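> All chains should be built: construct the whole structure from the sequences, respecting the hints.
Each chain is listed here by its residues.
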Amino acid sequence: MSDKEKKSNKFAVISSAVFISFISAVGIYFILGERPSVSESEKRELETMPVLTAESYFSGEYTAKLDRWYTDTVPFRDTLMELSSFIESCFGISSPQFYGDVAVIDETDEGEDYEDYEYILPEFTGITSDSAVEEITEAITEASSATAAESVTETAPVSEITEVSEAVTSVPESTVSTDISESAVMVTSETVTETVTSVPETDISASETSAETTASEAEFNGNINEFLNNGILVDGVDMYGEKAGVMLFGGNKKQGTRYAGIINAYKEALGEDVNVYNMVVPTSVEFYLPQKYQKYSGSEKEAIEHIYSKLSEDVISVDAYSEIAAHSDEYLYFRTDHHWTARGAYYAYVAFCNAIGQQAPSLDEYEQVTKEGYVGSLYGYTGDITLKNNPDTFTYFLPPAVYSGERLDYNTLVSQGGWRVFHEYASGVNMYGTFLGGDNVHLKITSDAGTGRSIVVFKESYGNAFIPYLVNSFDTVYVIDIRYFGKNAVEYIKSIGATDVLFLNNAFAANTSQLIGNIELLYTSPTGVTGAVKAKK
Amino acid sequence: MVFSNLLFIYLFLPLCLLLYYICKNRTYRNGILIIFSLLFYSFGEPVWVVLLIFSAIVDYLNGLFIEKYRGKKIAVLGVIMSLVINLGLLGVFKYSGFIISNINSLFGLSFDVPQLALPIGISFYTFQTISYTVDVYRDKAKVQHNFLDFLLYVSMFFQLVAGPIVRYTDIAAEIEERSCTAEDMSSGFFRFIIGLGKKVILANFTGKLATAFLTFGDMPSSVLAAWSGVIMYSLQIYFDFSGYSDMAIGMGRMFGFNLTENFNYPYISKSASEFWRRWHMSLGSFFRDYVYIPMGGNRRHQLLNLAVVWFLTGLWHGASWNYILWGLYFGVLIICEKYFLGKLLEKIPAFFSHIYLLIIALFGWTLFYFEDMSEMISCLKGMFGQGIPLSDDIAVSELKGSCFIIAAAVIFCCPVYKAARDKIAVLTEKSSALKICSQVIYCVSMLILLIVCSLLLVKQTYNPFLYFRY
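Protein sequence lines correspond, in order, to chains G and D. 639 is the number that the working numbering gives to position 406 of the first sequence; each next residue is one higher, with no gaps. 66 is the number that the working numbering gives to position 62 of the second sequence; each next residue is one higher, with no gaps.
Zero decoy hints are in this set.
Pair ranges (Cβ atoms, derived):
1. D:Gly391 <-> G:Ile353: 38 to 48 Å
2. G:Ile264 <-> D:Glu433: 36 to 46 Å
3. G:Gly651 <-> D:Ile455: 45 to 55 Å
4. G:Lys243 <-> D:Gly92: 50 to 60 Å
5. D:Leu43 <-> G:Val251: 20 to 30 Å
6. D:Ser105 <-> G:Ala287: 30 to 40 Å
7. D:Leu152 <-> G:Thr286: 24 to 34 Å
8. G:Asn622 <-> D:Gln390: 40 to 50 Å
Source of the hints: derived by calculation from the structure; they are not laboratory data. These numbers were taken from a predicted model, which means no experiment stands behind them. Beta carbons are placed, not taken as given, at the ideal position from N, Cα and C, and that holds for glycine.
In structure tokens form, the structure reads like this:
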């Protein structure tokens with residue numbers, strides 16, 4: 234140091250020292266500290282450290298990814314994020330916050346060319362099972378080599394990305410444990426790619442095993458992304474005395490017609506021997522959105538009525554709406570999550586019992602279990618501290634019946650051993666996984682109901698909370714997630730000799746093109762959704 | 005890489021400072037700065053870093069050439085070379101797409117429009133090297149014989165990507181001989197953190213609102229949203245840009261450089277002319293010294309000179325007609341002020357001339373923001389309330405949800421911070437205990453500001469909405 238530097242006043246020396254040591258110390262910690270690989274609250278896998286190659290360097294991808302990785306996987310990320318959200322909440326007066334592309338809903342907009350729209354069932358794709366097997370394997374290999382949707386974006390249009398990632402997520406098995414246990418570790422894409430490519434293409438069981446590890450990548454309990462929506466409103470809504478978030482409904486009637494069309498096709502294919510039920514259930518936005526914000530959300534009631542009006546008389550419509558609406562002062566939906574509660578699902582069950590000619594047991598006959606501190610998907614998607622500060626109480630009801638579950642392989646539907654209906658250890662952001670252990674699992678539940686009836690339920694994540702009630706009404710319950718299924722549904726229903734079939738979807742799902750597309754695929758493809766993914770390309 | 009980035013603040017900067025101060029002699033220190041600067045630049049431009057070096061070599065040689073032939077006519081060739089090559093680089097990388105697509109639409113042709121990504125900072129460093137060669141030719145600057153020292157001038161990372169446009173003459177002496185006292189270091193840190201705060205807190209949050217309000221389908225959602233959007237954008241662009249300049253100046257100080265100031269509270273101006281003396285000062289003075297005055301300044305065809313300068317000022321900001329429109333808009337206003345409006349503005353109460361400036365600045369930013377002309381027109385229509393409601397719930401709740409930030413942004417557009425510091429300095433002059441106390445409070449608040457900014461930066465990758473709608 235020069236003489237001049239030595240003469241500097243003490244304050245300047247001390248403050249310089251403070252700042253240099255601060256950024257250096259934090260810098261060192263950021264290098265040595267443990268970096269997370271998964272964000273629990275955002276429900277996503279964080280960036281991975283990029284590999285340096287000449288190509289990735291000169292394209293600028295390496296440095297860009299390195300930068301993203303460094304920030305994305307900063308030690309204690311979720312905690313820092315919470316602090317960050319808290320700071321942001323101090324930037325203004327707490328007021329309703331809109332997330333996503335929220336637009337005023339034009340009720341006259343019934344979907345493009347709605348007037349002329351007539352539902353035409355897509356043609357049977359007719360691929361053989363053998364080729365389908367190979368295709369599934371291929372789809373898995375491809376999808377796992379392109380982990381982040383982002384990296385795929387460069388080479389494939391978006392529609393394909395969703396399909397591919399679904400193919401991956403559709404594999405059940407150990408994935409479910411990721412859904413429910415916080416300690417479960419996700420596997421990096423590198424590992425997966427290696428495993429997958431090392432198995433012979435025809436060896437489907439091997440490829441499945443390896444694919445198990447990838448299943449957790451995108452799918453947790455019901456990804457909001459999947460549903461056509463109009464954004465999320467937080468803090469403008471009160472539910473059961475606390476501030477809450479709701480997902481704004483943005484359906485259109487054309488999709489509703491399409492949904493009804495495919496359900497009708499199922500009924501026609503299944504014939505008189507099988508009862509086909511359809512139940513589209515409302516979500517929280519329908520009952521708790523204040524009047525002044527109604528213009529930002531479409532009416533689910535109208536959307537549901539529209540679908541029901543397009544259903545053929547042979548399909549039995551279940552009016553869950555009225556039953557739920559009659560109890561809307563009860564805790565039917567989560568404040569911090571886009572799902573309904575077990576109580577909400579119970580009233581849908583009551584409505585369903587009316588439709589099947591049974592009497593639902595009173596809730597008092599169930600054993601009630603309660604968990605505190607649930608902060609769900611709406612927080613994950615908005616990061617809004619209001620939700621974090623108003624956690625939900627998570628309650629579920631153990632049915633008064635003797636029942637046991639077993640898990641089925643998602644393609645072959647071969648039993649894979651016992652499976653609990655309630656996963657009482659599911660905690661944190663994954664608490665909704667208490668029901669069935671999350672999505673992407675196919676179940677067969679056997680009970681002592683003694684009604685002589687067996688039912689196949691096609692559902693998305695709303696169904697998870699509903700399924701357990703069915704053990705009092707059916708001897709056998711087959712649970713199929715619409716988004717992940719490797720067989721032709723009609724053949725499947727016939728082959729197991731089910732007496733009843735229920736399509737259970739929330740209003741968003743029944744208006745979402747992609748989901749309806751999956752129901753169509755289950756109908757038209759001999760290999761279900763997962764096998765058809767590849768064929769469709 | 006940008007300054008408002010965890011990797012930069014917590015890895016690049018401390019490492020650079022450490023290695024820099026481990027070295028004792030100037031050559032090594034300059035070497036460290038060059039290495040880090042090229043690293044910094046290649047982080048964002050792994051390929052086009054060669055352009056930067058190329059531009060430096062060209063003007064280094066031009067300087068030598070001019071020196072060799074000083075006094076002879078041929079020396080001017082050095083200047084011509086510099087202009088042709090640097091403006092050629094700008095032309096190819098920044099304007100070729102724009103020029104060709106205009107030619108296509110004008111003559112109905114269909115040349116392939118080149119899709120060259122604009123190399124970061126090219127608009128800044130080409131201007132710097134041009135200014136060097138011209139200054140050498142005018143004998144205002146001494147020729148630099150050491151290429152590395154010249155490369156340092158061109159590539160210094162803190163002013164490389166977003167200015168200020170540093171004149172060689174301003175820092176020639178410091179490249180060869182400079183010192184950094186503890187005062188320089190601490191004030192450099194403070195300045196850096198203030199800049200960071202401007203960028204990460206004020207610019208980013210007003211920017212978020214601006215994007216929310218100004219991204220619309222056919223029309224803005226309400227008159228309130230249109231005006232708020234434009235106001236938020238005005239705040240964003242000021243804090244973004246001046247925050248960057250603050251960070252650059254602060255870091256310069258940490259390494260012993262005194263860079264020129266670039267902003268001087270532009271929004272407190274009372275006329276467009278004054279605004280441009282306070283906004284991006286290094287660019288304004290560049291055009292003054294290297295275009296306006298050589299063309300004849302106010303001595304001959306002043307109108308033409310002004311028109312050219314403002315056309316170029318607009319064009320410099322981007323290869324799109326709206327920037328040219330924006331430049332000419334200010335050109336027209338400044339010409340009007342020169343001939344008659346200026347006298348009027350002086351006569352009326354200051355309050356009204358402030359309002360005048362704010363309004364023309366807001367409309368100026370409306371031109372600047374929209375590259376798409378039809379969107380621009382929709383926004384302007386919206387601002388005048390054509391066919392849209394006065395207010396809407398989303399706009400109101402967005403504004404409420406960020407009201408303190410907006411208030412802070414408006415306050416910090418005025419020189420309150422400087423006034424407060426001066427006031428405190430006067431108050432604490434007599435008592436050393438008070439002085440220490442105020443210094444400690446200042447230091448602690450800067451540290452808190454740094455932590456807050458860092459936390460907000462963690463959240464910048466938070467983006468679950470990326471694929472919100474399929």
